[in-house]
Amino acid sequence: MKGFTLGYLAKHVNGRLAGDPDVEIKWIATLKDARSGDISFLANRQYARYLPGTGATAVILQEKDLANCPTHAIVVDDPYLVYAKIAQKIVGVVSEQVPSGVSEQAYIDSSAEISPQASIGAFAVICAGAVIESGVQIGAHAYVGREVRIMKGANVYPHVTLYDGTIIGQRSIIHSGVVIGSDGFGIAMDRSSGRWIKVPQVGRVLIGNDVEIGANTTIDRGAIGDTVIEDNVKLDNQIQVGHNVQIGESTAIAGCVGIAGSTKIGKHCLIGGGAGIAGHIELVDNVVVSGMTMVTKSILKPGMYSSGMPARENRQWRKNLARFNNLERILKTQTKQEDHD
Amino acid sequence: MKGFTLGYLAKHVNGRLAGDPDVEIKWIATLKDARSGDISFLANRQYARYLPGTGATAVILQEKDLANCPTHAIVVDDPYLVYAKIAQKIVGVVSEQVPSGVSEQAYIDSSAEISPQASIGAFAVICAGAVIESGVQIGAHAYVGREVRIMKGANVYPHVTLYDGTIIGQRSIIHSGVVIGSDGFGIAMDRSSGRWIKVPQVGRVLIGNDVEIGANTTIDRGAIGDTVIEDNVKLDNQIQVGHNVQIGESTAIAGCVGIAGSTKIGKHCLIGGGAGIAGHIELVDNVVVSGMTMVTKSILKPGMYSSGMPARENRQWRKNLARFNNLERILKTQTKQEDHD
Amino acid sequence: MKGFTLGYLAKHVNGRLAGDPDVEIKWIATLKDARSGDISFLANRQYARYLPGTGATAVILQEKDLANCPTHAIVVDDPYLVYAKIAQKIVGVVSEQVPSGVSEQAYIDSSAEISPQASIGAFAVICAGAVIESGVQIGAHAYVGREVRIMKGANVYPHVTLYDGTIIGQRSIIHSGVVIGSDGFGIAMDRSSGRWIKVPQVGRVLIGNDVEIGANTTIDRGAIGDTVIEDNVKLDNQIQVGHNVQIGESTAIAGCVGIAGSTKIGKHCLIGGGAGIAGHIELVDNVVVSGMTMVTKSILKPGMYSSGMPARENRQWRKNLARFNNLERILKTQTKQEDHD
Chain H
466 MKGFTLGYLA KHVNGRLAGD PDVEIKWIAT LKDARSGDIS FLANRQYARY LPGTGATAVI
526 LQEKDLANCP THAIVVDDPY LVYAKIAQKI VGVVSEQVPS GVSEQAYIDS SAEISPQASI
586 GAFAVICAGA VIESGVQIGA HAYVGREVRI MKGANVYPHV TLYDGTIIGQ RSIIHSGVVI
646 GSDGFGIAMD RSSGRWIKVP QVGRVLIGND VEIGANTTID RGAIGDTVIE DNVKLDNQIQ
706 VGHNVQIGES TAIAGCVGIA GSTKIGKHCL IGGGAGIAGH IELVDNVVVS GMTMVTKSIL
766 KPGMYSSGMP ARENRQWRKN LARFNNLERI LKTQTKQEDH D
Chain S
466 MKGFTLGYLA KHVNGRLAGD PDVEIKWIAT LKDARSGDIS FLANRQYARY LPGTGATAVI
526 LQEKDLANCP THAIVVDDPY LVYAKIAQKI VGVVSEQVPS GVSEQAYIDS SAEISPQASI
586 GAFAVICAGA VIESGVQIGA HAYVGREVRI MKGANVYPHV TLYDGTIIGQ RSIIHSGVVI
646 GSDGFGIAMD RSSGRWIKVP QVGRVLIGND VEIGANTTID RGAIGDTVIE DNVKLDNQIQ
706 VGHNVQIGES TAIAGCVGIA GSTKIGKHCL IGGGAGIAGH IELVDNVVVS GMTMVTKSIL
766 KPGMYSSGMP ARENRQWRKN LARFNNLERI LKTQTKQEDH D
Chain W
466 MKGFTLGYLA KHVNGRLAGD PDVEIKWIAT LKDARSGDIS FLANRQYARY LPGTGATAVI
526 LQEKDLANCP THAIVVDDPY LVYAKIAQKI VGVVSEQVPS GVSEQAYIDS SAEISPQASI
586 GAFAVICAGA VIESGVQIGA HAYVGREVRI MKGANVYPHV TLYDGTIIGQ RSIIHSGVVI
646 GSDGFGIAMD RSSGRWIKVP QVGRVLIGND VEIGANTTID RGAIGDTVIE DNVKLDNQIQ
706 VGHNVQIGES TAIAGCVGIA GSTKIGKHCL IGGGAGIAGH IELVDNVVVS GMTMVTKSIL
766 KPGMYSSGMP ARENRQWRKN LARFNNLERI LKTQTKQEDH D
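As they're listed, the protein sequences go chains H, S and W.
Residue numbers for the first sequence follow this note's numbering, beginning at 466 and rising by one.
Residue numbers for the second sequence follow this note's numbering, beginning at 466 and rising by one.
Residue numbers for the third sequence follow this note's numbering, beginning at 466 and rising by one.
A hint or two may mislead.
Copies of the same chain look alike in the list, so a pair counts if it works inside one copy or between any two.
For lysine-lysine, the following DSSO-like pairs were computed, each having C-alpha atoms within a straight-line distance of at most 27 angstroms [to be verified]:
hint	residue 1	residue 2
1	K529	K617
2	K550	K663
3	K663	K729
4	K497	K766
Keep in mind that the hints were calculated from the coordinates and are not lab data.
Bear in mind the structure is a predicted one, so any value in this text is a computation, not a measurement.
Using the sequences provided together with the hints, build the complete structure.
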């Protein structure tokens, strides 16, 4: 494990060094668990209580916390961001690395183009016409459909499924269990027979550069045109993205969100966990949707939107519900009183 | 790519041709993106503004929109349904096709029965006693457990897991990442030890004909009897179906819905995305549940049911919540006033 | 199929036998569907109507139901728990069994340690430094990363993905499609460029003994320290567990729940389906959260907490919503009236 001097790291992130530039940093740790050789950080106020007693060799923090720091420090405006950069330096970006080279147990169609600098795991399947560029890592059991293109430096973890025609941009990271390009929910009711008729789904999924997609997330192919995930979008685990959805650059979406078909989400949006977004609507740039919120109409003004109900003690909640369900009576009485006033 | 004359297509769907029967249609497209040789359709009013300027060679539409159509048309009552039928004609039902024949990289137990007209992908596993009928396509890495039966023309995509005893009906389509037949959530608390005891799950999952199941959906085997998905049911992605659930014919369920154990859903129901349905209840035929609704009791009358709260600007939402939590005071005051009136 | 005498089974569970100890029990069934040779149980009152007409040879029930039982019975305090124990005796704990021995189609790194009493399915991948203890069953297509340890008697179903460093305790059961150890949602916004920077995720996931994890559930590795699932925890399908979450002993969580990062859930908690739990909070022991509830703050007192809204007929629901959105007006008027009183 390669170490770095604190001075080198401070310079790397343009931080102000408060302490000895020559101490060596070998690993990362939380304030609470850090030991000698570790660098830690203070970003969430909730953890400030661990600063005075930390065992870290150095801490990344804001000016205001320096007085409480018992050890060397790098003083910056945004400790979490700087921690991210330093951690990347120390441990690398991607935590899992598949063995380099092409596994003899992989099945690769003769018409696929595989860069000699790509790595392909055991029992991976690469179908006809697929293109795997240099520096790409394909995990074991990954399925890469026909005419799929995976661009430079992308990392596809084990057990990913990429249906035909999917494009994965440079340096994008696709975690295990992700399915990209499955058919969208396109069905038409034939009233004469009472049966659903499948609407063929012929679009593709286009994933930009520097996108990360969490485990078991699903992204459907477009019904006709393409489903598009722009550069630097970050999707957490177990998200469902419907056909023909567009997600704008640098938008981040937390786990368990569902986005129905043909909806367009702008750039730099933040969508909280468990939110549900209806189909055929638009969210402009810089919209924030809080957790478990249901969005049924377009949001045309940046800002924060909510509808999730926070938990209460069950007995109290039941009372609230009962009142809610009796509002009509109150309102009517109220109105009558107003009329009489 | 095979083309069709517009006259042939109009006849195929019993539509009224408004234009030249001899123009050739080669592909499908949206009104907005269509080019020469494409057929498009107008179903959702939201997209009517693209009709006058469409580049399509022909459009499927209702009588009332014909005047705004700049090109050839097929006039019908239900453009979306007719589009589905024509699109199936032009591009086929299933967008991904696995190579025909049985891959030499598949592992097939000697006691499995595989039709010579079935196709099995690389690294698929077919266990003892499984039966794969003619026209079935099994994708790469699919796992077909013991005594599983997959009936004529069904399509099982890569990375599907079918536990022992699962039955898949004719022409059904199972997308990647789907798990069918996993153990249901059956646990009993042993109060003497404070530990959970597993309840063995010995039922199966029976999937009917013409069912489609979206990516990463899970369907648990019955605890004792079977979990049953009837003919023509359509399940979107990331749905969870608990043990011993029954879903009636032609019911359609959108993404991210959870259905707890032993619940029975009728025929021709529509369940919106993100809805949650409690266990041991019944929904009769023709029930519509809107998105993100929580169903906790049986629904014995057809109709539409809801409980999802639509998003509002966050500051306003917080005010609503605060009021909601103060309702008791208002109600009490109100009641007192009424008493005094 | 091995049978047991009713007397043997009654003794096994310390139940009071009401009937003939020598009748033979061969299988389990519901009250409604049971036939000769089956043992059934009555736990949920909803099914009491099936007791008088049951075809079962014996029924596990409480004293109060004995009078309505038409056949032999085992009388106990907790019929569901006793049923679980008897069903385990009759059908075994785990319903699917992979063939014993190590498949020749598996790929096993030469540095992995595999017990001669372990079983490994076709196309499984076992990476460098992994340890597979005795009695472990690894399903087909399972991916076992580097330095993973799977302890005695654990059962890993087909298509499970275990990222590097994951520990699975004794007798734990991991269902298909589960992903353990994927990167958590760690991203920092670099405001100078407007782009997200990935925060490396270097912790592990530690799963205790006797844990069961349902199909397609995902558990992220810790960002720095570890994500910890303690002994006897039961997770249903499609649950998302964020990085550095801790779940205490014997807690049970129903399907489709999302738990955000760094949250600590106590022992013996019950979390209902579809609930969402925010990050960086704590739930103490013995907390019950009902279905579809949103928990945004720490819960420091045992008890039941709720916020899910039950479904109502759509027209009535819309009225409720309208009133809810007009509460401010009512409140203001109310307050004025109070001022004038």
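Going down the list of hints, with the structure as the test:
1. K529 to K617: neither (42 angstroms within a copy, 51 angstroms between copies)
2. K550 to K663: So K550 and K663 pass the 27 angstroms test across copies only (8 angstroms; inside, 48 angstroms).
3. K663 to K729: both (24 angstroms within a copy, 25 angstroms between copies)
4. K497 to K766: This pair counts as between: shortest inter-copy Cα distance 25 angstroms, intra-copy 41 angstroms.
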